[in-house]
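Protein chains: 2
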Amino acid sequence: MQTDFCKQLGVDAPIFAFTHCRDVVVEVSKAGGIGVLGAVGFSAEQLKEELDWIDAHIGDHIYGVDTAIPQKYEGMDKSTPEELVAMIQAAIPEQHRDFAAKLLNDAGVPEWPDANDGISLSFSAVQAQALVDEALTRPKCKMIVNALGTPPPEIVKQVHDAGRLIGALAGRLKHGIAHKEAGLDFVVCQGSEGGGHAGEVTSMVLWPQMIDAVAPLPVLAAGGIGNGRQMLAAMSMGAAGVWMGSRWLISTEAQSEPAQRESYKSASSEDTVRSRSFTGKTARMLKNEWTEAWEQEDTPDPLPMPLQGYLTFDAVRRTHRYAGVEDCQKVAFNPVGQVVGQMNTEESCRDIMYSLLNEYAEALENVQGLSS
Amino acid sequence: MQTDFCKQLGVDAPIFAFTHCRDVVVEVSKAGGIGVLGAVGFSAEQLKEELDWIDAHIGDHIYGVDTAIPQKYEGMDKSTPEELVAMIQAAIPEQHRDFAAKLLNDAGVPEWPDANDGISLSFSAVQAQALVDEALTRPKCKMIVNALGTPPPEIVKQVHDAGRLIGALAGRLKHGIAHKEAGLDFVVCQGSEGGGHAGEVTSMVLWPQMIDAVAPLPVLAAGGIGNGRQMLAAMSMGAAGVWMGSRWLISTEAQSEPAQRESYKSASSEDTVRSRSFTGKTARMLKNEWTEAWEQEDTPDPLPMPLQGYLTFDAVRRTHRYAGVEDCQKVAFNPVGQVVGQMNTEESCRDIMYSLLNEYAEALENVQGLSS
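Protein sequence lines correspond, in order, to chains A and B.
Position one of the first sequence corresponds to residue 1 (the UniProt record's numbering), numbered consecutively onward.
Position one of the second sequence corresponds to residue 1 (the UniProt record's numbering), numbered consecutively onward.
There could be a bad hint or two in this list.
Same chains, same names: a pair is fine if it fits in one copy or spans any two.
Under the rule of at most 20 Å between Cα atoms (straight-line distance), these lysine to any residue pairs were calculated in the SDA-like manner [claimed, not checked]: (1) K30 / A213; (2) K102 / Q8; (3) K287 / E200; (4) K174 / R317; (5) K281 / L148; (6) K287 / A86; (7) K102 / V316; (8) K157 / S268; (9) K174 / S266; (10) K180 / P335; (11) K48 / Q2; (12) K48 / E347; (13) K287 / R172; (14) K142 / A101; (15) K30 / A178.
It is worth saying that the hints were derived from the structure and are not from the lab.
Since this is a predicted model, take the numbers as computed values, not measurements.
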């Protein structure tokens, strides 16, 4: 089953796997889809290392890189990275720092081993530019995806001049329309059930509106897709492909800790929440003591993005590193969509791809049967 | 296009139209679907009048009746209707009454003409029983649907003994499972994008889980369906039919006021909110000054169901009756799903049915083309 967008990219199946794990990128691309490496939070050096590994293992297949390219932040252009960090640190109230530290300590999460290991500038333009530069040195990296709004014109031009495609996430109709006007090649449209940052409108309603609004741009449907029936639903409404993130989190190739896998496997679809408590912008994640704590009336309100993200940088890396420590999951950042309720068994990426395509074919046959 | 459930009912298309307007019931059934009259809030006399009209106009076609049959409320069984009203009135704080009255007065909504015209017992078992009794006297009424949880065993038995089908709405997996265990014949599964009462999980995620959980019971997909592409998406995931409410609100046959139609036509999919401000239970409706007012920190919190519903009974009937009064829409109850953003033109029910089936066929052809 192929869409025009598949043909343009030269791949067999319109399945895009968003993942932070290089193994998942490679396995999905080798199984006929496209792995897209989520590089937010990576330094250029880390990205180089990951892409070296991917290039060495992916054969003749292609892949994508997803990052966060901001339009603008105050002071972003005129500061050095060091000045930017100092400016950010100064803007975070003491009360917020203390509250975050207390939550982590109460849950017994160990300190980060190296106190001099500073925060990442993952949401800065400086950082984003370095990641895009690195990705474009790779001939097999055929697409750049922006997780954070419409990328600036110079990045769009740079990607196009390199002969690659550029697209961006959109959780609201107006964002998709802005992407089209900026000359992007495709839109990843995520409904509110999706993991991470998403808007209020659900996939069932948002996808067809987006497909019509940005036509003839291809729209990849995101949010709520975990099996082949959901994939057929997306393709039925005119999507050019499906963009899945959650499903791979418990694949055997994913580099997640057993405790985190367990959190995902045991969660129902009612166990996620849209919360500002980690990034400062509403994102969907597993509900836990951390997300609940920031909702109380007598606790600090989450700061706006990007401040909350810098405040919680330490929480995220510590809970990730020490995921095996008891109680750590109570305050861990586990972004995931509502499809988490379907995620009960650990399978290889190849098996997941195989199931998706089989379920798709079976569902199509069933629905054809109704009209015959 | 027919499902087994269609065949069981003897209808051409698996399209169920939930509506409060008898004309819509008749037109949809005559066009090959099934109109389902929403009778919550009707007295038995009113229902009799509506069903007389439907029976006289629907020809040989069938229809359904939807009502709210509560499992139990405190005091419900041991009180007369008059005692029940007195008990409810006493339970509503003065502060809440004053706040509701002020909102209506500030918006210039005229008083109800007859001060002796008391509140309806629409959520009581006494009332529900009378509506079911009336509906079952009608041979063409083939299905009873409960909008409010699993109906009590005696009602299930009564409906079955009369040779009709009984189903119920479910916005959570566990509710659908309870319906199945209670011996119901089908489940109407509504995702969070739907109008009125719904849960947290969206249609894309909830429908396939429900279909699997209650199999082999037929599941009607509700929430987020306004066109044939969305209908195909639902059928692709294994639904036995689609249950649509919002789409008919601006049909030419609907008995809605021009101002209310205008509110729906001008709203985007981002203009709805899940609010407890009218019924006491979270329901999706158009955002306006009323829904915002009950969200503020210094205003009363909505009361639990059914109290808030009795408190706002007067607001609902006044804003409905005086919908044409300027500013009335600012405090009106306009329950609708996120598909409201697609509802821009007024068409007849027959034309809507025709579009749905045509779009469905076209979308199916397109998706088949991807696999050929």
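Consistency of the hints with the structure:
Taking the shortest Cα distances, K30 and A213 never come within 20 Å of each other, neither inside one copy (33 Å) nor across copies (34 Å). With identical chains, the CA atoms of K102 and Q8 are never at most 20 Å apart, being 51 Å at best within one copy and 61 Å at best between copies. Proximity of K287 and E200 under a CA criterion of 20 Å is satisfied in both settings, with 18 Å inside one chain copy and 13 Å between copies. Proximity of K174 and R317 under a CA criterion of 20 Å is satisfied in neither setting, with 33 Å inside one chain copy and 36 Å between copies.
Taking the closest pair of Cα atoms, K281 and L148 come within 20 Å of each other only inside a single copy of the chain (11 Å); across copies the shortest separation is 35 Å, beyond that limit. Taking CA atoms no more than 20 Å apart as the test, K287 paired with A86 passes in neither setting, with 32 Å inside one copy and 41 Å between copies. Within a single copy, K102 and V316 get their C-alpha atoms as close as 14 Å, which meets the 20 Å cut-off; across copies the closest is 47 Å, which misses it. In this assembly of identical chains, K157 and S268 lie within 20 Å of each other by CA distance neither inside one copy nor across copies; the values are 43 Å within and 33 Å between.
When the C-alpha separation of K174 and S266 is checked against a cutoff of 20 Å, the pair qualifies only between copies, where the shortest distance is 16 Å, while the shortest distance within a copy is 36 Å. Taking the closest pair of Cα atoms, K180 and P335 never come within 20 Å of each other, the shortest separation being 28 Å inside a single copy and 33 Å across copies. Taking the shortest alpha-carbon separations for K48 and Q2, neither the intra-copy value of 31 Å nor the inter-copy value of 55 Å comes in at or below 20 Å. Within a single copy, K48 and E347 get their C-alpha atoms no closer than 28 Å, and across copies no closer than 57 Å, so neither meets the 20 Å cut-off.
When the C-alpha separation of K287 and R172 is checked against a cutoff of 20 Å, the pair qualifies only between copies, where the shortest distance is 17 Å, while the shortest distance within a copy is 24 Å. Proximity of K142 to A101 under the C-alpha cut-off of 20 Å is found in neither arrangement, the shortest distances being 41 Å within a copy and 61 Å between copies. In this assembly of identical chains, the alpha carbons of K30 and A178 never lie at most 20 Å apart, being 33 Å within a copy and 44 Å across copies at closest.
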